[in-house]
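Peer 1: Residues per chain, in single letters:
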Amino acid sequence: MKVSVTVNGNAVAAEVADRTLLVHFLRDVAGLTATNVGCDTSSCGACTVLLDGQSVKSCTVLAAQADGRSVMTVEGLSSDSADGMHPMQRAFRAEHALQCGFCTPGMVMAAVSLLAENPDPTEEQVRSGLEGNLCRCTGYHNIVRAILAAARGGAE
Amino acid sequence: MIPAPFSYQRAWSVDEALDLAARYGEEARFLAGGHSLLPLMKLRLAVPEVLVDIGRVDELCYLHDRGSEIVIGALTSHHDLAHASMLDRELPLLAHAAGQVGDPQVRHRGTIGGSLAHGDPAADLPAVVMALDATLVARGPAGSREIGAGEFFRDLFETALEPGELLTEIRIRKPESAGWSFQKFTNRAIDWAIVGVAVQGGRVALVNMGTRPLRATGVERALAGGAGPRDAAAHAAEGTNAPDDLRGDRGYREHLAQVLVARALAEAGSRA
Amino acid sequence: MSILGTRVVRTEDPRLLTVGGTYVDDLRVPELAGAARVTFVRSPMAHALITGVDVSAALDAPGVVAVFTAQDLDDLPPPPPADEGGGGGEGAPVPLGGPFTEPLLAGERVRYVGEPVAIVLTDDSYQGEDAADLVSVDYAPLPAVVGVSAALESGTLLFPAAGSNVAVTAGQPADEAAFDNCAVVVRRTIENQRLAPVPLEGRAAAARWADGRLTFWVSTQNAQLSRFILAGQLGLDPAVIRVITPDVGGGFGAKIGVDRDAVAVAWAARRAGRPLRWTETRSENLVGMTHGRAQRQAITIGGTADGRILAYRLDIVQDTGAYPRLSGFLPGLTSLMAAGPYDIPATATAFRVVVTNTTPISAYRGAGRPEATAAIERAVDLFAAEIGMDPAQVRRVNLIAPGAFPFTTASGAVYDTGDYAAALEAVLAAAGYAELRAEQAARRARGDVLQLGLGLASYVEITAADAAAGETARLVVHGDGTATVYTGSSAHGQGHHTAWAMLVEAELGIPMARVTVVHGDTDVIPQGVGTYASRSLQLGGVAVHQAALEVKEQARRVAADLIEVSEADLELDTERGTWQVRGDPASGHSWADVAAHAGPEGLVAAVEYTGGRPTFPFGTHLAVTEVDTETGKARLIREVTVDDAGTLVNPVLAEGQRHGGIAQGVAQALLEEMIYDAEGNPLTGTLADYAIITAAELPSFELLPSETPTDANPLGAKGIGEAGTIGAAPATQNAVIDAVSYLGVRHIDMPATPARVWAAITQARESQ
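Residue numbers (the working numbering), protein chains in the order written: chain A, 1 to 156; chain B, 1 to 272; chain C, 1 to 768.
One or more hints might be untrue.
What the hints assert, rightly or not - Chain A is faced by these chain B residues, among others (derived, beta-carbon under 10 Å): (1) P39; (2) D53; (3) D103.
Unchecked claim - Just some of the chain B residues that point at chain C, by a computed CB distance under 8 Å: (4) M1; (5) I2; (6) C61; (7) F185; (8) N187; (9) G202; (10) G248; (11) R250; (12) L256.
These are computed hints drawn from the structure, not numbers from a lab.
Here the structure is a predicted model, which means the values were calculated and not measured.
Backbone N, C-alpha and C fix where the C-beta goes; we use that ideal spot for every residue, glycine too.
Make a model of the complete structure from these sequences and hints.
Peer 2: Below is the structure:
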C-alpha cells in the first residue's frame, strides 16, 4: 500500500508492504538511520520517535498507522543554532548522557516528550518517565542529570 | 520480529469498521493502538490475515461527564485518561490506573477499549472497570448491546465480544463512596503486575489472580459485614486461581493478594 | 596547565546526537549495494540429533537467494588438533576444541536452544523470517543436561567422545587442615547466576567478497582478532581479509572477536557470490550471544572469634554452556582474585568447567572477577554474622595494609598499589554509616514494615590481565598541523577518541579539535589487540602517549633544522602549540610548518607498547536498600562508592564507566537471571521477561574521588571499565540480606527478587 508520512517536515511517500513497521519506514524508506531497533517486544524504546508530537515506539506502530501523520526523529531536532543542536542534545552532551549512542536517539526523543508534557519534573518523575527506554551503558545517572538540566534551561 | 504478511484495511467510522469486520470474518482483527496486538503479531503468536485499523475512528475518542455517569469512548488513550482533570476528580481510580499502564510511549498509543477487548487478566484496566462496576457497550452487525464488566471477561484473552463486534463505549456510574486505591505490585516499574488490587468503595477487584480479572467476593462480604481492612483482606485469595510463573508461585501471589488488599482498603478508607 | 585530569565533554557526541551513529545495520556503503539479508534457522531443541533437514519449501519462498546447511560447509579447514590438556590451553581464553569442537552450523547434533542450523539468504529481511519458518528440521530429542548438578551427575554426555561433561579441572585439592586453627568456620554454597549481556545493539555483520578479498564489517571489540579468527576458521591468509568496525552499540565482553554466526555469514557471502548483511533480533540475541557468570561456588571461611580471617577456600563449578569457548579462563581469573583485598594466607581454590545444554558462556563485564568478589564478600558477611561483628569492622581487620604494596597474594597475583582501608573509611564516612545503623536499629525496634539494609563490598580487581600482549598506536602530524591517531584500541562507548585526543594535546599542544582518532580497520591498523579487560587507557592510551613523545623528538630534530638552531635551544610551547627558540615566542613555528618541513608524510611515530603489566583497581561500595518485609520487595535507595583506578585522564569518562558498571551490578543483585527449564528451554528469552534494569529502579549514585596511581605505566592509570559492576552486585546483595538479617536470614542468592526475599523471610521465621 502507499504510505505518506511527513518526516522532520518533509513529505516521504512510498509503496510498502502492509506489514512494514514505522521504524523500518523511517530507516529504509526515509533513509533516517539514527532511530534504532533494540528489541522485538516493545521493551527497549531505542526506536522512540514523536508521532504527531507524542513519543511512541516506532517498532510497535505500522507505517500505515502513521500515514498522513507527522513524525519527528532525532535528526529533526537539530536547529539553526551555532552548534546545530537542540537544547536537549546539548544537555546530553554536556552531562555525558551517552556512551555507545545506540539508545540515544530514542532516549532524546523520549526526553523531549517528557519535558513537553511536564516542563519541571522532579528526579523521580524523570526516572519513571524513562521506564520505557533502556540503556546498558550509562546507568541512567547522567541521562537524568541532562534532562533536569534541560528543564532548568527552559528547553522546549 | 516481523509480523506474518497481512492485508491492511482502514476504517474512518464505526459503521465502516463493522462492515470491514463482517466482510473479512474470522480472518480479521481490529487494530486500535496496537500495543496488545502488534507485539503478539511480531512474535507470530497472532497471525490475522486482515487488520482493520480503527485508529482513525475519531468518533470513539471522547470523555464526557453525563451527571450521574462518566462515558468514555473506547479509543480514548491511556495518556488522555491519565491527564484528564475531570476524570481525576470523578473517577480517580481509573485516571490513576491508566497512568500506570506500561510506559509513556505505550500510554500515548494504547486505548482503554483495546486493553479491555484484549482480555489479559494481568492488565490493569480490566480489574479497574470491574471495581467500578462499569458497563461496556459493544456494537455489532445486530446493533448495540450493554455488557456488565462482571460478565465481560470470560477467560484468558477471551471476552464476551462476539466476532465482528466492536467495543465502543465504557459507562461508569459515579461511585457513591469516594474511597479508592490501586495497588500494582511489580518487580520493575515497567512490568506487568505480579498481583494488583483495585478498590472503589466496597468493591475489590484483583489483577493476575486468575485467567480473568476477579472480584474478591470474600473480601467484599467481610467488608459488608463490618470487618476492618486486615480481617477482610484475609479472604483475598478465596476463589482465585493464581498462576505459577517466574515472578512467583501461587502461594506467594496469594500472600501478596492479602497484603495488597489490606493496604488498598486502608488507603481507600483514608480517602472515603 | 595540562588538559589531563580535567573534565572534557566528548568529541564523539555531536555526531551521535544529531545524525546518530553508523552501526552495522546503518551502513549504506556502495560495496553493500544489492546485499542479500541473512536469517538463521536456530534449534528450538536444547539437545537433539538432527535426523533430517528439508529446505525445499524455503527455497520456493519469495525472495530466497539460497539456503545453506552444515552439508554445504565442505570447503573449511579441519579444526585444529586437540589441546593436550593440563597445559596453558585450558587457562587461555580460547575454545577448548578437541572433542569439544564447535562447528559453524550444527550438522549431526544440536546442543543448545538457539544453536544455528541453517542460513537463509533473501532479498530483504522481512522475507527472511518468512522463509526461515519454512525450513524443516527433524530432531530426535536427547535428554537435556541443564544446570551444574545435572552436568556432574547425568549419564547423558554432550560430547560422548570426551567421555565426560567436565571439560576442565584445575586447582588445589581439598585440605581441611587449613581450617584446623579456626575457632569459627562458615560453609555455604552460593550461586552466581547466569546473565545475558544485552548490549542495546545485538550482533551484526556484513560481508562482501571482491577480487579474492573479503571485506567484513562487524560489531566487534577487536577488529584484528576478528580477522585472525576468520582466517583460521575459513582457511584464509589474513592478508585477504579486511575487517572494519563501524560504531558499536555496546559490547561488555560479549563482542570479543567474532563468533560462529558471524563467521558463517562471511562463508556464506563467498559461497553465494553476493554481499550479505546480518542483524540479529533481540530474541536471537538472548539465546545466541554468549551469556555470563553461571558459577556455583562452595565457600568455606574460617577465623577467630574477634574477626581475623585465617583461611578461605573457594570451590567453583563453572557452567560453560554447550561449548567451552573460554576453556578454564573465567574460573581461572576468579581463582586468581579469590581472596580479594584481604590478607588471607591460607587461600585455596579449585574449579571444574562443565558443559550443559544451554547457551555458551563467555566474558561479561568483569569476566571472572565479579564472581570472585561476590564470593569473598558474601563469605566475609557470613563470617561477620557468625561472630556477631559489624561487617565493616571485619573488613577493617582484614584488609591488606596500605604499606604492604606491592602485595603478592597466595594465588600469585601481585597487587601494585592501593589503600583499601582509606576507600572503606571514605565510603563509610560519606554514607553516614553510624547514622544509617542507628536508623536501621530504630526501624527494627518499631517493627516497621520497611526495613533498612546496609551492604558493603570491598574489592580489588585485575585489569589489563593480558598486558603482555600490549597495544599499538600510530601518530601522524600532517602538513596542515592536524594530527591523526591510529589506535589498536576499539571503543564501543568508552570515549577513547576524546581521551586519546586529550593525550595528544597534553603532550604536543595540538588542540583536540585538530586531532582525529581512527580505530578498527585492519587495512589501516593491521596490528592491535582491542578493548576488553579494562585495558585500553593503560595500554592503548599509553601507546598514544609514547607515540606523542616520539613525534615530539622527531619534531625537535626537524624544527631545529627548520629554525636553524640546535635542538638544545628549542622548546615546545604546549599552550600555543608552537616550536620556538627557548624564551623567544616570536621565533615560533607551528606544527604545520614543522610537519611540512619533515616531508610529504609529515611526522610519524608507530609504537607497540608492551611495557605495561596488569594493574589492580580497588574500592568499596556501600549499598543502602529498603526492603518491604510484607512483600519481599527490595529497593536500592543509595549507592556510595570509591572506585580507584589510579590517575584519571578524564574524570567525566571515568564516572560514566562507574555509573554504567554500578547499574549492571545492581541489576545482577536484584533483577536479572537467564533461566532455563529442565528441558533446556530458555524461559527469559525476550526483554519482556529478562529484567534489564531501568532508570526507575535506580537512584543517582554517590561517587567519591580517589586516585592511587600505579607504577605499572607512565600515566599511572589502571582500568575503570568493570570496577563498578564488581563492587555493586555484592554490596547490593549484602544490603538486601542485611535488611532482613534481624529476622534470621543469613543468605539470599542473587537475584534477590521479591519472591526470593519473601521465601527467605518465611523460611527464617519458620525455623525459629
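Peer 1: Each of the hints needs a verdict: does it hold here or not?
Peer 2: Quick rundown of the hints versus the structure:
1. A distance limit of 10 Å between C-beta atoms decides the matter here; for P39 of chain B the minimum to chain A is near 5 Å, and the interface restraint holds.
2. Annotation: D53 of chain B was flagged as interfacial toward chain A, and the flag holds, the nearest CB pair being 6 Å apart, inside 10 Å.
3. Evaluation of the D103 of chain B hint against chain A yields a held restraint, the C-beta minimum of about 3 Å falling below 10 Å.
4. Contact between M1 of chain B and chain C, as hinted, is supported at the beta carbon level, the nearest pair being about 4 Å apart and thus within 8 Å.
5. For I2 of chain B, the interface hint holds, since its Cβ comes within 8 Å of a Cβ in chain C; the closest pair sits about 5 Å apart.
6. About 28 Å separates the beta-carbon of C61 of chain B from the nearest beta-carbon of chain C, more than 8 Å, and the hint is not met.
7. Because the closest C-beta pair between F185 of chain B and chain C is about 6 Å apart, less than 8 Å, the hint holds.
8. With its C-beta approaching chain C no nearer than about 6 Å, N187 of chain B sits inside the 8 Å limit, and its interface hint holds.
9. Annotation: interface hint on G202 of chain B violated; nearest CB of chain C at approximately 23 Å, more than 8 Å.
10. For G248 of chain B, the interface hint holds, since its Cβ comes within 8 Å of a Cβ in chain C; the closest pair sits about 4 Å apart.
11. Proximity of R250 of chain B to chain C is violated relative to the hint, the smallest CB-CB distance being about 11 Å (cut-off 8 Å).
12. Proximity of L256 of chain B to chain C holds as hinted, the smallest CB-CB distance being about 6 Å (cut-off 8 Å).
Comparing the model with each earlier hint shows violations of hints 6, 9 and 11; every other hint is respected.
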